[in-house]
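Undergrad: Taken in order, these protein sequences are the chains called H and Y. Position 326 (the first sequence) corresponds to 326 in this note's numbering; numbering is contiguous. In short: position in the second sequence from 1, add 1000, done, that's this note's numbering.
For the record, the hints were derived by calculation from the structure and aren't laboratory data. Among the hints, erroneous ones may be present.
[What the hints assert, rightly or not] Cβ-to-Cβ under 7 Å is the rule here; a few derived chain Y residues that face chain H: (1) 1083; (2) 1097; (3) 1105; (4) 1106; (5) 1315; (6) 1319; (7) 1322.
[Unchecked claim] Label-pair ranges, simulated between beta-carbon atoms: (8) H/41 - Y/1254: 52 to 58 Å; (9) Y/1292 - H/231: 52 to 58 Å; (10) Y/1220 - H/243: 56 to 62 Å; (11) H/345 - Y/1011: 57 to 63 Å; (12) Y/1043 - H/419: 23 to 29 Å; (13) H/5 - Y/1152: 24 to 30 Å; (14) H/402 - Y/1011: 34 to 40 Å; (15) Y/1214 - H/427: 51 to 57 Å; (16) H/339 - Y/1011: 54 to 60 Å.
Ideal Cβ positions, reconstructed from N, Cα and C, are used throughout, including at glycine.
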Amino acid sequence: MDDFIAARSQMALSLGFHIVFSCIGMVMPFFMAVAHFYWLRTNDVVYRNITKAWSKGVAIFFATGAVSGTVLSFELGLLWPEFMKHAGPIFGMPFSLEGTAFFIEAIALGFFLYGWGRFNKWFHWFTGVVVGVSGLVSGILVVAANAWMNSPAGFDYVNGQYLNIDPIKAMFNDAWFSQALHMCIAAFAATGFAVAGIHALMILKKKNVRFHMQSFRIAAVFACIAALMQPLSGDISAKDVAKRQPAKLAAMEAHFHTEAAAPLIVGGIPDSKAKEVKYALKLPGMLSFMVHGDFQTPVTGLDRIPEQDQPPVAITHYAFQVMVGLGMLMLAISLCYFVAIWKKRSWLQNNWLLRLFVLATPMGFVAVEAGWTVTEVGRQPWIINGIMRTADAVTPMPGIVYSFYIFTAVYISLSLIVTFLLYRQIKMVDKLYDVSPSV
Amino acid sequence: MIYVVIAFLWAAILLYILLGGADFGAGIIELFTSNKNKQYTRTTMYQAIGPVWEANHMWLIIAIVVLFVGFPEIYTTVSTHLHIPLVIMLFGIIARGTAFTFRHYDAVVDNMQKVYNKIFVYSSFVTPFFLGVIAASAVSGRIDTGARDFLSAYIFSWLNWFSITVGFFTVAICGYLAAIFIIGETKDDNSRIRFIRKAKQMNVAAVVFGALVFWAAHSEDIPLDEWLFDNAIGVIALTAAILSLVLLWYLLLQRGKVYIIRVLAGFQVTMILLAITLRHYPNIVILKGGQYLSLMEHAGQEKTIWSLGIALLLGSIFILPALFYLIYSFQKNKGEVH
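The shape of chain H in the complex, shown without the other chains (with noise of 0.2 Å):
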């Protein structure tokens, strides 16, 4: 592995590791929110429980992203020195922005988790109210600045130089509203999806089934509007995407040869040499009428891109189909849900359904991180969009493979220990929460 690939390993792990911490860290609030809310409405004791049950997880996985938002923050100029000294000036706004709202954050957590019984009561549930907020803003100033990256705006770059700044542009660049939806409703969904999985599956086992059946309740029906939703904000950002990232649409969709009446591809194994995607399902004229909303405008393929110029297509590719594969499953539980809900109550006592929401449990996530891969990889080789690559902005400091190494055993241990505290957390909500045994 050489020095160049070992950076970007470590950022792809350090942001991979850092995007479920901090989805969970701004969805969870909400969920306790509303809980808490039912707490205090129906002084049902149970919701209470619920509050405290998750909002230890919360404190858990907020402290763990923290800390590891505070090494990217710090990773950016470790790896990318010669990105920041540019970049820096330019999509710093929202950074900043992200440094307040961050900061109320955890100002909020600290009146939330310690305040219990020592204010007014609808005060310490505002605070709860509060961290969800701000950790939300902090995500799409974060996704905002992201999404610079992949639609360059706020500056005039003359021969190499990067003149008349603007990070007000920069910040509202042309892709910030799409990509923090997205991301935004996938963080729903995956940490709907996740807590709903547990909760179904501790209902499955009959533990403490009251407790788990209402959490469920609640996680449920978040995951199920965001899973909705996805599939409509993931067609603004293919639109977005086609318009601005051709290279990157090719790339996801395969598409090797631009022509009219461009072909949907799904599934298949690209080959790039061959120039053909082998076993794919091919639907006719599905990507013109998905990018330009008729069936024959063409949709430019990568022929038109210089070579030098392509991103990797079967990565780019493969996780495409992940992302988009696993929200078509996602939508397809939602439906029996709220068809559950609305016209089969008898659904809701069936065990095939809580099946499978267990079955969704990791999916969430499993397509953010495959929807990251395709933002990411997909926008290679230039770590700014058309103005540099990412080979020009990595550090000169050789050995970048060993720090890989190390981020990548400390990870793999946090990730192991904070697993086995949520099991430590699940196993004893019996003695923990337990205040009606069976019901």
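Knowing the structure of chain H, use the given hints to seat chain Y on it.
TA: Relative to the frame of chain H, chain Y by itself:
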């Protein structure tokens, strides 16, 4: 607007040293407490810093964001040549932050607690040590941007006695701040006396390592005494620090008002930071061969600095009242943290 940004940068660094430092110090004190008293120390510390501890570390993020947005060349030079100590410090931050949270939020209390405690106390030592190393290296004139070989570009930029002694000095300062802070959090006389003793020990350690810093600077041809004493403000700031130290010892012995003691300790650290930063202002990094990286010359373009300043001002409108209310409300009825 550049002055607003610089003021925020300085304030963020100061607050990180004071609040984050006291926070690190909590772990350092725990490390140097006999096994018999460890549990008590831990509980008192936790009650004191639990609600604010996440917020304490935000100051580092603020400082780093100000650097990379407003002063990208300074940020990238430092992160390239001090890559190794930065990475070690980051591992310290990861280990410490997670261990602190895990030990509190592990639903089962068993032997894992020992593991969390070990990780917490050692990383509480390592992290501020390397923060000190990094800060010292930035002004030691050892960063060689033209270096061709690995050792002189990435190792000797930070590995020298000056940086190492400053690292130990930083650790001692953190322990000192924590001990002073904790005195006011204790509930019985016995532990009060114990923490006063801790504060004195840490203070002595800081003075000893401070002297060693001068020795190291002298032997490595870093004109530290010149920086500190050839200008009026440096002399005044350090004299004020020493005078307040005398007063503080008097109050410690007389068991005076705890708030005054806290303010005095904070004042000393502020004066030390003032003395060492003001002499070079606006330069904050000294490179090999006497070149500087300056907050004025190496700042970003005007619009960047302007929007950064606005963001910081806006942010502080939200952050400061909330933060004060957080600290106030948990100080008002302390000892009820569950």
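Undergrad: Hint by hint, say whether it matches the structure.
TA: Going down the list of hints, with the structure as the test:
no., hint, in the structure
1, 1083, "5 Å, holds"
2, 1097, "4 Å, holds"
3, 1105, "5 Å, holds"
4, 1106, "6 Å, holds"
5, 1315, "3 Å, holds"
6, 1319, "5 Å, holds"
7, 1322, "5 Å, holds"
8, H/41 - Y/1254: 52 to 58 Å, "55 Å, holds"
9, Y/1292 - H/231: 52 to 58 Å, "55 Å, holds"
10, Y/1220 - H/243: 56 to 62 Å, "58 Å, holds"
11, H/345 - Y/1011: 57 to 63 Å, "59 Å, holds"
12, Y/1043 - H/419: 23 to 29 Å, "28 Å, holds"
13, H/5 - Y/1152: 24 to 30 Å, "26 Å, holds"
14, H/402 - Y/1011: 34 to 40 Å, "37 Å, holds"
15, Y/1214 - H/427: 51 to 57 Å, "56 Å, holds"
16, H/339 - Y/1011: 54 to 60 Å, "57 Å, holds"
Going down the numbered hints, you'll see the structure goes against none, and every one checks out.
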